[in-house]
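A.B. asks: Here is how the chains run, residue by residue.
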Amino acid sequence: MPEKVMFTMGDIACAEGALAAGCKYFGGYPITPATEIAEWMSQKMPQYGGAYVQYEDEIASITSVIGASWTGTKSMTATSGPGVSLMLEAIGLAVMTETPLVLVNIMRGGPSTGQPTRGQQGDIMQAKWGSHGDYQIIALTPASVQEMFDQTVQAFNLSEKYRTPVFVLADETVGHMREKLVIPDEKDLKLVSRKQPTVDPSEYLPFKADEDDLVPPMALLGSKYQFYATGLTHDERGYPSDKEHIQIKLVTRLQDKILKNADDIIDLEKFMLDDADIAVIAYGTPSRSAKKAIKDARAEGIKAGLLRLKTVWPFPEDIVADLGTEVKHIIVPEQNLGQVYHMVRSAAAPTPIHLMAKPAGMPQLPHEILAKIREIDSI
Amino acid sequence: MTESQIHFARQFLREEALPSPFCPGCGNGIVTNSFLKAVNDLGHSDLRKFAFVSGIGCGAWIPSPHFKADTLHTTHGRAVAFATGLKAANPELEVVVISGDGDLAAIGGNHLIHAARRNMDLTVICANNWIYGMTGGQVGPTTFTGDRTTTSPYGNPERPFDLARLVAASGANFVARWTTAHPIPAARAIRTALERRGFSFIEMLSQCPTAYGRRTKSGDAVDMIKWMKSLPVRKKDEPLGHRVPTKDLLDLGVFADRDEPSFLQSMEKMKEQI
Numbered sequence: 001m002p003e004k005v006m007f008t009m010g011d012i013a014c015a016e017g018a019l020a021a022g023c024k025y026f027g028g029y030p031i032t033p034a035t036e037i038a039e040w041m042s043q044k045m046p047q048y049g050g051a052y053v054q055y056e057d058e059i060a061s062i063t064s065v066i067g068a069s070w071t072g073t074k075s076m077t078a079t080s081g082p083g084v085s086l087m088l089e090a091i092g093l094a095v096m097t098e099t100p101l102v103l104v105n106i107m108r109g110g111p112s113t114g115q116p117t118r119g120q121q122g123d124i125m126q127a128k129w130g131s132h133g134d135y136q137i138i139a140l141t142p143a144s145v146q147e148m149f150d151q152t153v154q155a156f157n158l159s160e161k162y163r164t165p166v167f168v169l170a171d172e173t174v175g176h177m178r179e180k181l182v183i184p185d186e187k188d189l190k191l192v193s194r195k196q197p198t199v200d201p202s203e204y205l206p207f208k209a210d211e212d213d214l215v216p217p218m219a220l221l222g223s224k225y226q227f228y229a230t231g232l233t234h235d236e237r238g239y240p241s242d243k244e245h246i247q248i249k250l251v252t253r254l255q256d257k258i259l260k261n262a263d264d265i266i267d268l269e270k271f272m273l274d275d276a277d278i279a280v281i282a283y284g285t286p287s288r289s290a291k292k293a294i295k296d297a298r299a300e301g302i303k304a305g306l307l308r309l310k311t312v313w314p315f316p317e318d319i320v321a322d323l324g325t326e327v328k329h330i331i332v333p334e335q336n337l338g339q340v341y342h343m344v345r346s347a348a349a350p351t352p353i354h355l356m357a358k359p360a361g362m363p364q365l366p367h368e369i370l371a372k373i374r375e376i377d378s379i
Numbered sequence: 380m381t382e383s384q385i386h387f388a389r390q391f392l393r394e395e396a397l398p399s400p401f402c403p404g405c406g407n408g409i410v411t412n413s414f415l416k417a418v419n420d421l422g423h424s425d426l427r428k429f430a431f432v433s434g435i436g437c438g439a440w441i442p443s444p445h446f447k448a449d450t451l452h453t454t455h456g457r458a459v460a461f462a463t464g465l466k467a468a469n470p471e472l473e474v475v476v477i478s479g480d481g482d483l484a485a486i487g488g489n490h491l492i493h494a495a496r497r498n499m500d501l502t503v504i505c506a507n508n509w510i511y512g513m514t515g516g517q518v519g520p521t522t523f524t525g526d527r528t529t530t531s532p533y534g535n536p537e538r539p540f541d542l543a544r545l546v547a548a549s550g551a552n553f554v555a556r557w558t559t560a561h562p563i564p565a566a567r568a569i570r571t572a573l574e575r576r577g578f579s580f581i582e583m584l585s586q587c588p589t590a591y592g593r594r595t596k597s598g599d600a601v602d603m604i605k606w607m608k609s610l611p612v613r614k615k616d617e618p619l620g621h622r623v624p625t626k627d628l629l630d631l632g633v634f635a636d637r638d639e640p641s642f643l644q645s646m647e648k649m650k651e652q653i
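Chains F and Y are the protein sequences, given in the same order.
So the first sequence is numbered by the working numbering: it starts at 1 and just counts up by one.
So the second sequence is numbered by the working numbering: it starts at 380 and just counts up by one.
By construction, these hints were calculated from the structure, which means they are not laboratory data.
Errors might be hidden in some of the hints.
[Stated by the list, open to error] Mimicking SDA-like on lysine to any residue, the simulated pairs with C-alpha atoms at most 20 Å apart in a straight line are: (1) K650(Y) with M362(F); (2) K447(Y) with D200(F); (3) K44(F) with K447(Y); (4) K291(F) with M362(F).
[Stated by the list, open to error] Output of the computed footprint for chain Y on chain F, the stretches with three or more beta carbons under 8 Å from beta carbons of chain Y: (5) 62 to 74; (6) 225 to 239; (7) 319 to 328; (8) 337 to 343.
In this text, all values refer to a predicted model and were calculated from it rather than measured experimentally.
Where is the CB? At the ideal position from N, CA and C, for every residue including glycine.
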């Protein structure tokens, strides 16, 4: 398909990104403010030769997505905080069985039912720590309609490459805002599919990872390869084991395959940071306010810059630590009571970190962030 | 050993995964036997065409890791939802769920009735032992009223589900209930279930001497098989009616036998209209 230009909302850009990435299965359950993704996919999936199934709850929708992915089908679901809360156990299963899938969370106000039609960034830590046990996750944080498309494609690529669930964490404002979207010609899109085994079926070990990237090739259901997948701790054959060394080896590899490939995974934008004394670290909607505030601060002669996180998990610890040595102060505006703030604090200490917390739907406005920059500049 | 001495089921089993972890006297071996006999009777020499999905609990270990096939051992209660995703994404697969009553009817009850409502193209086999066996004998949604278990020490005050009637009423194309005392009729019903499009459900009443037998003082495996052997068999086309299962009033046989459009057929029809 040639390049196409749309004026559309973030949720629909996300769905279009999934279609462009080759998604052929969507397990859905309606929830504000993510419903538009399910609606768009229910319309498009059959036209693209895929399947949309609406389930009885979010637990079923995510579990079906794991099942669909095992057939080799690129699969996704989209929900909001309350839905993710229901999906957490299954996310652990996807991590443990190394199942590629994309989970979109259009973040709304919480806790509990909260403010369904108002955005927030309250689910950052949930994405990382929500399911039980030790594991790493990949989570992307788009800040525009275009990035909803681009980063959904990227989410599929990363999930396929590293055999892991990948979150797209967009605040409601990004999900519902309308902007210009350019859908590139499909030949200009770089798409990744999971690697498949090449060994003789008699030698196939479904959970034996390749040494370079720590990711095991993934056989398709119904292929000549036979596999056994379980949420139980398993050896390279996939068989359950209660042995200590098997548990340590598996959990460590699941962690390492993300952390040791962090440089490949992490995406961020540095804006006017080179000579900055004050850095703002932001993501999603507040990062757009921050950009304007920094331009205004520069016009006043204040050396401010922005580190915009497009990946929050794995957290770009080294980059933030380096930044801490280069600037005098770091400001973190977040639409929550401070989540990424804690990660910045642990990476960049002892540089002073100033949290601008706002657990509500209207993001920090440019003039508010500018006022904070001025205040810190005058210290 | 000569070929005739090798049990027919061994060709379908992963030798390295044997012996099974089941207790002496457990009914899961007979459930396994009935299922593999049905597969064998259908002319399969291996399980290549099948994908098996199970949840959590003793019944979930029937296919996993023992069946020489693609086997997926999922989270508690979610086997049917997982299997629905498999089937919707790749209709070529023959997807079978084998799990227990706690997994399929308590935590997974909603998925079970909705898959039946969709007439999803799946075969679900429920090993019903009326108790949570793996955790040591707690009351569940199939435990009879009055049964004393570790979490109903004064007798179960609740009523049990009649799973066969529940799934039949939810819209499944084929539903049957047999027991480990009836391995041949059970294998025949499983064969029909595997051949039937849409949702098929086989409830296999199965003794758990370790948890159910011990906790409820129902005796050992032999006592329980004798009891199940005495259960009434439904007459063909006898009205379903409504009844709360008791140890005497648990009828066996076929509860639904129809050929309504399956999920995949309905999807195809929908696509033609786009």
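A.B. asks: Starting from the hint list further up, note which numbers the structure goes against and sort them upward.
C.D. replies: 1, 3, 7 and 8
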